[in-house]
Amino acid sequence: MTIQASEVEEKIREIVKPWKGKQGSLIPILQAIQHDFGYLQEDAIEILSREIGIPTAEIYGVGTFYAQFHLKPRGRHIIRICRGTACHVRGSLKILEKVMDILKISENETTEDLRFTLEPVACLGACGLAPVVMVNDVTYGRLTPDSIQPILENYK
Amino acid sequence: MKDITLNIDGKICKGTEGDTILEVARSNDVYIPTLCFLEGLTPIGSCRMCVVEVENNPKMMTACTTPAQDGMVVSTGTEKLRDYRRQMLELIFAGRNHFCMYCSQSGDCELQDMAIAHGMDRVRYPYLYADFENDATHRDIQIDHNRCILCLRCIRVCAEKVGTHTLDLQKRGWNATIVTDLGRKLGESSTCTTCGACAQVCPTGTITLREFAYRGRRKDCDSVVESVCPLCSVGCRIKAYVRTGSIARVEGTAVNEPDGGQLCQKGRWTLPRSAERERISVPMIREGSHYREATWEEALDLVAKQFRKAHEADSDGVLVSSLCTDEELGLFVSLFKDGLGMERIDTFDGDVLRGFVKGFEPFRKQGVRPFTAAHKILDSDCIVNLSADPDEEAPVIASYIRVGVLRNGASLVNISCSPSPFRDITDVDAVTKTPAENIRLIEGLAGMVEALKATGGDPEKTVQVTAAEVAEKAGLTEEMVVKILGSLMDSKKPVFVLGGCLSRDPATVAASVNLAIACGAFFDDGIGMVPLVVSGNSLGTINTVLADEPWLGKKKLDFMYVYSTGLVPEDEASLSAISGSRFVVVQCPFWAHPLVNLADVLLPAPAWFERSGHYCTIEGERRRLSVVIPPKGEVRGLASVLKDLSKDLGVTPEKPKEAPCGNLFASEKPPAAARMVSLEEVRD
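Just so you know, the protein sequences line up as chains A and B, in that order.
Straight run, no breaks: the first sequence in this note's numbering ends on number 156.
Straight run, no breaks: the second sequence in this note's numbering ends on number 1684.
Accuracy of the hints is not assured; some may be wrong.
[Claimed, not checked] Below, computed lysine-lysine pairings styled on BS3-like, alpha-carbon distance capped at 27 angstroms:
#: 1; chain 1: B; residue 1: Lys1171; chain 2: A; residue 2: Lys22
#: 2; chain 1: A; residue 1: Lys11; chain 2: B; residue 2: Lys1483
#: 3; chain 1: A; residue 1: Lys20; chain 2: B; residue 2: Lys1185
#: 4; chain 1: A; residue 1: Lys22; chain 2: B; residue 2: Lys1453
#: 5; chain 1: B; residue 1: Lys1365; chain 2: A; residue 2: Lys72
#: 6; chain 1: B; residue 1: Lys1483; chain 2: A; residue 2: Lys22
#: 7; chain 1: A; residue 1: Lys20; chain 2: B; residue 2: Lys1492
#: 8; chain 1: B; residue 1: Lys1492; chain 2: A; residue 2: Lys22
#: 9; chain 1: A; residue 1: Lys72; chain 2: B; residue 2: Lys1453
#: 10; chain 1: A; residue 1: Lys17; chain 2: B; residue 2: Lys1365
#: 11; chain 1: B; residue 1: Lys1365; chain 2: B; residue 2: Lys1453
[As the list claims (entries may be wrong)] To spell it out: a stretch of chain B is covered by chain A in this simulated footprint if at least three of its residues, at any positions, have a beta carbon under 8 angstroms from a beta carbon of chain A; those stretches are:
#: 12; stretch: 1159-1168
#: 13; stretch: 1182-1195
These are computed hints drawn from the structure, not numbers from a lab.
Cβ atoms here follow ideal geometry from the backbone N, Cα and C, with glycine treated the same way.
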């Protein structure tokens, strides 16, 4: 999916419109951009900078400060592998390694076909089901390295 | 403002309401250590070095950000505070690579000084040994993130003074680093102007300038000389550090000056590098295709002989640089104009200046000063760029404009034959196709603004009707004209920046002043015009060497005397006129090509760092150029050379009557007394 430059410009103008001239609008605007584009792409930031008169460096600073913003494209499906204590004891490292091996990516990376993004997280709050993996909003528990592959195949 | 009294360390300290504790302490000579604080930049209290204790307050407070209150009892040096500060320093040292022995700034580092002052002889925390990048992609500026203490001075100076806001902070906590634009390397930045302000304010060895690394620490230098940058019309104040007879470093002055202590990319690099250039060290006489060395006596004899002959035949001319000081210009005038009665004397870029002078003349006659100090751009709420390209002509003016727009919320209007040089921050960009349309637009706008302000009636109707006419004459859309009018009418204090190219037509200059008067652009020192008049002392040439009418290139001359400072390239027209002359004498400090190739006699001259005198700057001040390093060898001051030459010519030059541009900044009436003039007056 590639969006033409002029389309990006139009979209950003639309997003910015209700916020023009208002202080403290950068974060909601960035949220809206990420919602529409999936991540904060470079040309979008450059256009935004011109539209609201905030230098690109400042926007970049805000974008990298908050964990909620992403400056690289993210996959259609987000795999969160729990690396909390309980899951670790029950072998979550093996599962993480298996997923990295299947998808040929490292932690916090996205597959080239933008299918998956892999994110280790501290705790998903389901220690009773350790080791736990979440794909998008669905939680899978009591996993083994062998049971993860069929799960991933459900997500195209 | 209410006066307040504080008790700081038992000393009664007076201050004003709104001051911070640090400001009150400093104005009363009480020392509080600081690291991230820099006077002139917004205080952020991030380094915690300035913490103080305030009575009845359990917390330690940062003096640089805490407002002082009447009756406060403050302690600045208790054991608790000293411990805390030392602890902060240890944490800073543990965080990144602060191993002084490997750093080019060791001995010239505020962090190191602070650690020594606080007796920090060890670090009680484990070192993180974090591995950040050393960004060496930029040709002149290096950023080693491993040495950064995140004081954010560079970010603040870049955003608040230079106005480019190239630098900012990325990520959080231990991972936070200075970042360029959209996460780029400095060398790939699209906004950096290479002004070097970031390095000037960096308290550690993080941002360094290759040019000055290992050339000598600031405090080891033999002397620091305050002088002025001769390169453009702004005339920024500089500090030149001298070590063992050479210039080790050139910096701007204090950040709390109106100009932010900046130097632009021109001043920062051209000045120190010029000290390394090859000099013309002895007089030289052309012999066929090469030069031979000669004594001053022989060279001046030859010059005088040729000069006299040409002068008798009325075929001589003198061309001097507008980077000369008032005093030097005075010497030229007393010998050539007053002594010899020559009329063919002028400065390079004379046409640009004549345009401004002629355009401003009718307003001068009214007794008002038709321009204002350049830094007043920062006080304006609407900046109008009239055919100027400040980043080229006078980069510090570009900084003023950017800061005015981005920080102070001024609107920016560009009226020019080319698109705005400030593309991303221009509110209205009115680009006309021809200069004729340009002047019609300015004239039309002046008329409309005057009418609108006078009637105060139904602006919409008036605007709609006349805007269409103005738009048609200027070849623009009506919408565009209405937009410009909107910006001008909304503004309480507009300022107009005039590009050098505008002065080709004095009527356009006068029309611009008319527009400024119509808009009520009145500052306390003059009308809100900032003319970019080429070089350091262009204003000083106005009452001295500047010819009334151009003569250059009109007649093939037998003799031409050229005085150049060798710092800025000569324009094509001047060069071709010089090369068309039969006998050319060039006096210049450097082997400045192609000018020196045209000479029959080459005379050495003192360089900018060997001269002294005064410059009339568009900052509205006479500023002093000082001798940084005394001249060496056969280089002689202008006064003594001209004295010998006048003896050979058999004239006694009269002493300069007065400081050449003594009355340049004078005005009899307040700017609001100015009246618009008819352009016919200027069009002769």
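Legend entry - Proposed proximity, Lys22/A with Lys1171/B (alpha carbon, max 27 angstroms): With Cα atoms ~25 angstroms apart, Lys1171/B and Lys22/A stay inside 27 angstroms; holds.
Inset, instruction - Starting from Lys72/A, check that the Cα of Lys1453/B is at most 27 angstroms away, please. - result: violated (53 angstroms)
Legend entry - Hint consistency between Lys1365/B and Lys72/A [alpha-carbon to alpha-carbon, up to 27 angstroms]: Status violated; Cα separation ~64 angstroms.
Legend entry - Straight-line alpha-carbon gap Lys1492/B to Lys22/A, limit 27 angstroms: The hint holds at about 22 angstroms.
Legend entry - Assertion that chain A covers the stretch 1159-1168 of chain B - criterion: three or more residues, beta-carbon distance below 8 angstroms: Check passed, 6 qualifying residues.
Inset, instruction - For the pair supplied as a hint, Lys22/A and Lys1453/B, confirm whether the alpha-carbon distance does not exceed 27 angstroms. - result: At roughly 30 angstroms apart (the allowed maximum being 27 angstroms), Lys1453/B and Lys22/A break the hint.
Inset, instruction - Decide if the proposed pair is consistent with the structure: Lys1365/B and Lys1453/B, CA atoms, cutoff 27 angstroms inclusive. - result: holds (25 angstroms)
Legend entry - Restraint check for Lys20/A with Lys1185/B, where alpha carbons must lie at most 27 angstroms apart: Distance ~31 angstroms between Lys20/A and Lys1185/B Cα, so the pair is violated.
Legend entry - Restraint check for Lys17/A with Lys1365/B, where alpha carbons must lie at most 27 angstroms apart: violated (50 angstroms)
Legend entry - Given hint Lys1492/B paired with Lys20/A - CA-CA distance at most 27 angstroms: Holds. Lys20/A to Lys1492/B sits at ~23 angstroms (cutoff 27 angstroms).
Inset, instruction - For the pair supplied as a hint, Lys1483/B and Lys22/A, confirm whether the alpha-carbon distance does not exceed 27 angstroms. - result: Holds, at roughly 21 angstroms.
Inset, instruction - Please work out if Lys11/A and Lys1483/B have their alpha carbons no farther apart than 27 angstroms. - result: Holds, at roughly 25 angstroms.
Going down the numbered hints, you'll see the structure goes against 3, 4, 5, 9, 10, while the others check out.
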